[in-house]
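Student: Sequence:
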Amino acid sequence: MSTHSIANIIVASANHDDLTGFTKDLEQHNYTVLKCDDTGLDTKSKTAHPDLIVVDVSSDKFDGFAAILKIKSSPETAHIPVVALAAEKTDELYERAIEVCANDIFIHSLKIEEFIAHIQALLRLSTMFMELDNRVTLAKEYNIEASNEVDVENKAPYTVLLVAPKDGDKAALTTVLDGNCNIDVCNTVFEAEDILTNGFYDACICHYDKSIHDAVLSLSARVRNNPRLFNLPMLVMCADKINDRMEAYRRGVTRIIDRPLNLHTLKAKLKMLVRRQRLRWALRNAIEKTKASKNSDAKTNAYSRDFFEKNLDCQIKNAHTWQKNLTVVFFSIPNIESLKVQFDTTATDHLLQQTHQWIAGLVRIEDMVARFGDHEFCVALPDTPVDEAQIVMHRIAGILSYTDFALPDVFQPISVWVETGITGLELGDDRDILIKRARHNIQ
Numbered sequence: 002m003s004t005h006s007i008a009n010i011i012v013a014s015a016n017h018d019d020l021t022g023f024t025k026d027l028e029q030h031n032y033t034v035l036k037c038d039d040t041g042l043d044t045k046s047k048t049a050h051p052d053l054i055v056v057d058v059s060s061d062k063f064d065g066f067a068a069i070l071k072i073k074s075s076p077e078t079a080h081i082p083v084v085a086l087a088a089e090k091t092d093e094l095y096e097r098a099i100e101v102c103a104n105d106i107f108i109h110s111l112k113i114e115e116f117i118a119h120i121q122a123l124l125r126l127s128t129m130f131m132e133l134d135n136r137v138t139l140a141k142e143y144n145i146e147a148s149n150e151v152d153v154e155n156k157a158p159y160t161v162l163l164v165a166p167k168d169g170d171k172a173a174l175t176t177v178l179d180g181n182c183n184i185d186v187c188n189t190v191f192e193a194e195d196i197l198t199n200g201f202y203d204a205c206i207c208h209y210d211k212s213i214h215d216a217v218l219s220l221s222a223r224v225r226n227n228p229r230l231f232n233l234p235m236l237v238m239c240a241d242k243i244n245d246r247m248e249a250y251r252r253g254v255t256r257i258i259d260r261p262l263n264l265h266t267l268k269a270k271l272k273m274l275v276r277r278q279r280l281r282w283a284l285r286n287a288i289e290k291t292k293a294s295k296n297s298d299a300k301t302n303a304y305s306r307d308f309f310e311k312n313l314d315c316q317i318k319n320a321h322t323w324q325k326n327l328t329v330v331f332f333s334i335p336n337i338e339s340l341k342v343q344f345d346t347t348a349t350d351h352l353l354q355q356t357h358q359w360i361a362g363l364v365r366i367e368d369m370v371a372r373f374g375d376h377e378f379c380v381a382l383p384d385t386p387v388d389e390a391q392i393v394m395h396r397i398a399g400i401l402s403y404t405d406f407a408l409p410d411v412f413q414p415i416s417v418w419v420e421t422g423i424t425g426l427e428l429g430d431d432r433d434i435l436i437k438r439a440r441h442n443i444q
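In the working numbering, the protein residues as written are 2 to 444.
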């Protein structure tokens, strides 16, 4: 098993005996679990650097909802994702979870594989907050105006695409969203992708039955493969049972809601997912503001090597302290030099700029991309194990290799030769060792 933890999770409960199986399952999946009761939760949430807090709200001895509200009301801890864990579904559960700003709700009986699938987006929020703090601190050293304050309560009307709806679906959505919504209707699954691509939506909600099983899952998969739509919440309202729920989640479905619709459940799930989506956009915008001419490469608009290395020092320190994953990837374009001889530096500068745009567009906003050498780009992926980063690396390399680039005053398509190198942080690594090993692995 890896010495690195995927995430640090606090589990707060008045009776941990009831959650023994749950916590053991998390630990077996390489999560670090920190147990506490209501008396220790406040201190642990402020000192243990949790990526997620799970609060058991099913005990009469412990007011879990009050604990969640306290965490979400404190400036020190409001950014930490918090989920409620309950013994059973009730209408009151969903109403109270919304009131205290819980990020999600789970039931004890949920399979651990589904729980882990659902919390990945919340863990990413934790990574984004950490990366924002790092970059804002460094940006200020460069006299760049940047802030780590983000709008966590966007009150704008909910914008939803409703796909292949049944009678009453639009009215139900309007009711659960208290009329504060703009709902567009698409009558067939096959038209939905174009509408999503050309619009701006907080969520997509799609009817499901067995007759359109493949079409619904195919739409979800295509949304996940679209860099602009990658994080869009995809809810399916099921008239028929989905036999393999994990397949649906792997293919991009965010939540499965059974018919007949429980409006309390629908309201809670939708509002929580939209709040999460809007927070991601707010974090993205804040992170983007940490880059300016003072800390970026003039030719490509990637982050400068100097800024990247200082940020990497912060990432390495955090990863060692909290035993987290950190992966570094190199992309090298060795035929840049021959293209420079064949054409000119203006053409190859434009090619490097396009290469950076492709790389930056295919990684997450929290993954910093820097111009490192004459024909090299380096990417740091926080909280990412090597095997996951390899998938991203190979995808980007494949796209770059099969792309015909158009350059000014060059009347033929240009192809690039891409070499890659990758490594993960190991015990005792500093910045120089990590970068040297990643570079050594270029092939």
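Worth flagging that the hints you see were computed from the coordinates, not collected in a lab. Hints are supplied without guarantee of correctness; some may be wrong.
DSS-like, lysine-lysine: derived pairs with alpha carbons at most 30 Å apart [claimed, not checked]:
1. K62 - K292
2. K141 - K73
3. K112 - K141
4. K272 - K295
5. K272 - K62
6. K268 - K171
7. K171 - K47
8. K341 - K292
DEER-style ranges, computed between Cβ atoms [to be verified]:
9. N199 - Y403: 37 to 47 Å
10. E289 - S402: 35 to 45 Å
11. G22 - E289: 36 to 46 Å
The beta-carbon is built from N, C-alpha and C at its ideal position, and this holds for glycine as well.
Student: Would the hint linking K141 and K73 be met if the CA-CA limit is 30 Å?
Tutor: 27 Å, holds
Student: CB of G22 to CB of E289, is that within 36 to 46 Å?
Tutor: For G22 and E289 the Cβ distance comes to about 42 Å; the hint holds.
Student: Tell me if the straight-line CA distance from K341 to K292 falls inside 30 Å.
Tutor: Measuring from Cα to Cα gives roughly 28 Å; hence the hint holds.
Student: Please check whether E289 and S402 have a Cβ separation lying inside 35 to 45 Å.
Tutor: Taking Cβ atoms as reference, E289 and S402 lie about 28 Å apart, which means the hint is violated.
Student: Just to be careful, I want the Cα atoms of K62 and K292 compared with a cutoff of 30 Å; is the pair within it?
Tutor: 49 Å, violated
Student: Regarding the pair K272 and K295, is the alpha-carbon distance no greater than 30 Å?
Tutor: It is violated: about 39 Å lies between the C-alpha atoms, which goes past 30 Å.
Student: Could you grab the alpha-carbon distance between K171 and K47 and see if it respects the 30 Å cut-off?
Tutor: 42 Å, violated
Student: Do the alpha carbons of K112 and K141 lie within 30 Å of each other, as the hint requires?
Tutor: The given pair, whose Cα atoms are some 45 Å apart, is violated under the 30 Å limit.
Student: Do N199 and Y403 keep their Cβ atoms within the hinted range of 37 to 47 Å?
Tutor: Violated, since N199 and Y403 (Cβ atoms, about 25 Å apart) do not stay within the stated range.
Student: Below or equal to 30 Å on CA atoms is what counts here, so check K268 against K171.
Tutor: 13 Å, holds
Student: Given the hinted pair K272 and K62, is their Cα-Cα distance within 30 Å?
Tutor: Distance of about 29 Å is within 30 Å: holds.
Checked against the numbered hints given earlier, the structure breaks hints 1, 3, 4, 7, 9 and 10 and satisfies all the rest.
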